[in-house]
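**Student:** In case you want the letters, here they are:
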Amino acid sequence: MAESRPRAAGSAVAWWRAFRQVRHEARGESLAGLLFVGPAVLLFLTFNAYPIVRGLVIAFSDYRYLVPDHAPFNAVDNWYEMVRDRVFWQSFGRSLQYTAIYFVLNFVLAFFVAVLISQIGQAREAGVYRVMAYLPVILPAAIALLVWRQFLNPEFGYIAVLLKGLFGSEVAKVLRDARAVVPTLAVIAAWKAMGSNVLLLLVGLYSINSELYEAAAIDGAGWWRRLMHITIPLLLPTFTVIFVLAAGVLGEAEASLIYYGLTDAGPEGAGRLVGRYAYEVAFLQGDLRWGYAAAINLTVGLTSMAISGLVFRALRSGRM
Amino acid sequence: MATLLAACGEAAAPAPAPTKAPVAAPTSAPAAPAPTTAPAPATNKIFTLVDKTWSDLGMLDATVRFNQERSDLGNVTLEETAQGWDTKVLAQIKEKNLRWSGHGYAAFFDSYKYIKSGLVAPLDDYLKASKVAWGGKQKESYFTSRIYDALQFQGKQYFIPMKANAHLVGYREDYIQAAGYDKFPTTWDEVDKMMRKMKPALEKEEVTPLGISRDIFRTIGTMFTTFIEKPFDDTGVLKFESQEWFTLLELLKKWKDDGLARLDTNADHYDVWQKGKFAFTLGSHSLVRVGRNVWGTAKVKGANPPQASTSVPARTWIHIDSGFVFPGAANPQLATDWLLSVLGPEGTIAERWWRGVTTFSGQPVHQSWLDKVLKDNKDLAEVYEVLKLVPNSQIITLPVAGAYAITEAKIWPHLDRFFKGETGIKAAMADARKEVTEEMAKQLK
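As you go down the protein sequences, you meet chains A and B in turn.
Mapping the first sequence onto numbering that gives the first Met the number 0, position 264 (from 1) lands on 263, and the numbers just tick up by one.
Mapping the second sequence onto numbering that gives the first Met the number 0, position 40 (from 1) lands on 39, and the numbers just tick up by one.
Keep in mind that the hints were calculated from the coordinates and are not lab data.
Every value quoted in this text rests on a predicted model; they were computed, and no experiment measured them.
Among the hints, a few may not be true.
[Unchecked claim] Computed list of lysine to aspartate or glutamate pairs in DMTMM-like fashion (alpha-carbon distance at most 25 Å, straight line):
(1) B:K419 with A:D68
(2) B:K255 with A:D61
(3) B:K274 with A:D68
(4) B:K276 with A:E267
(5) A:K163 with B:E228
(6) B:K276 with A:D68
(7) B:K203 with A:D176
(8) A:K172 with B:D378
(9) B:K274 with A:D176
(10) B:K433 with A:D68
(11) B:K198 with A:D68
(12) B:K441 with A:E80
(13) B:K441 with A:E267
(14) B:K298 with A:E154
(15) B:K238 with A:E210
(16) B:K433 with A:D61
(17) B:K425 with A:E267
(18) B:K252 with A:E80
(19) A:K163 with B:D270
(20) B:K441 with A:D68
(21) A:K163 with B:E189
(22) B:K276 with A:D61
(23) B:K198 with A:D218
(24) B:K253 with A:D176
(25) B:K196 with A:E154
(26) B:K253 with B:E189
(27) B:K387 with B:D270
(28) B:K203 with A:D68
(29) B:K253 with A:E80
(30) B:K419 with A:E267
(31) B:K252 with A:D61
(32) A:K172 with B:E189
(33) B:K276 with B:D124
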């Protein structure tokens, strides 16, 4: 009894020591973990979470940047105005068109290029093409758009010269047409973003087990059938990521602002996408009504999320 | 963004600290429409702001000179503006922690919104109390009293002009010579005749006679001032439902339909001009400058805008860009004195500014500098000529600046439909009016 007591006391002490060591290590680990994630969390809170919350608050107010201390809560008045705002609906329609074109081009071009690159056997050669495909992504947007503007200039651009040479000067006038504005901006944006999708798709393509293709080939499946029954089904998760990201361009403003400048929305205002309209309301016109602009952007953001949700749901059910 | 050190080689301190008793404090508090803070403690060392372009064109040199010649008034460090300075200054005014005391440049279309947002202090008391001789003589200081009038808002002066922009015609002399002309015509009727001769002569080179910028205040706005004495109504909105506007737009459409005029996006306008694809347009003197950069002085000239009628004095478009003082600034008196000295009618300090800015795009507002800098300057002869039109012309006033962006945003889709022939000008402008009125109604007074 007398022996067992010190033994029991010793094991309790050992247990306590072990427990403290574990807690100490855990504390150390959690501290290290916090240090690792801390900067990212701080950045997220500062540059993402706070602006989102602040934007939400502003969207429900009549915040006017030029009127000192004027930001009264106005419930859903901004949406009431938005429903009756012709310019908003026109620009929103253009943005939907822009997003649709971007959606298709961004995916089709990237998929086409990725499949081509994946067929290249030489690693070094494939690397060169991967870099080429990715280059537009790292090009600053301003430079990319200015290059395209020169390229598509109705008189001096390569396209105009080519069209004039082939079909005469009348055909080249299409480059001035208001109907060409949204497709033009969407093509440029899709070209600019395509490289990221090429890389995403290549990762997916390279990870498909080559034995699947070999087995299919032995069974007599041609290139097309292998594509349709192996490649595409196995890339569905990658497609989902690409489509969800693409839905985010609905509120795009940058392309139009750079391509046409701050004070000109292009022929017949056809470059006035909804993001640009929000920019004009917030930074150019009258009292600079940040409240209304924030409400526009919130609406656009929610619409983007809804599109993303639909895409996600559609592709997920397709895979199932 | 690099900091410009104007204060005789002094390094920029983080914030100005009061070191001396206030210099010549104003006799009464300035009556700003919405002053958000009381003036900060006065210091004889202040910081001011301006864009790099204007700094390089002479404002920095003038400030260095100011610190040397007027050390009795204080010391000014001029810094370059960075993007978002206005948001930062507004926040600093609210927090009563304002670093800068004044700004050397407000573009005419920003000047009204700066007042409305509480970024600009009224200057009247500082002008009266100034030790700079012409501070209290604002009304007599400018070469036309219309400039002084354009600086007033609700009976107060908020700005000191840093340059005027009187618009003119920029044209290719070789192109008008191809049409058989030695000088640019003085009426629109003659211009019409010239263009009809010019078109076949230059068709091979694909040159269109007139280039129209979609920036309203350039080509169309300038042409409009030659049709009507007061192009803006009392609320500051362009009179785009006037008969004169209809006449002008019908004329432009006719020219466009006849292949005599082209309408370019703002982004392309100067590019097309520099590539020689139109023979003339109207706007600021930048036209002549950038044209000469490519084609040389011999081929690119400037002239007074042609007029709609020879029976009334000739007119043009003119707007004023200005310097100003922030409300609650440290030593607003010194900031005012600095502006008065740099932008004044005489002295070696101001000379550095006015000689510099005229090489770019901007004109003096004092008779003394017109005489010294422009009168015998053969390179800028057309600028001296066009400034003679200013006393007859309606200078863009502060409320106009407030309505300008709204008009510009709303009017173009309707003008485009008109130019395409889808609607008449009256119907198009009635639609535009509806939208402008709706938008104006959304703004607080």
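**Student:** I'd like to know which numbered hints this structure contradicts. Please list them from smallest to largest.
**Tutor:** Hints 1, 2, 3, 5, 6, 8, 10, 11, 15, 18, 21, 22, 23, 27, 28, 29, 31, 32 and 33 not satisfied by this model.
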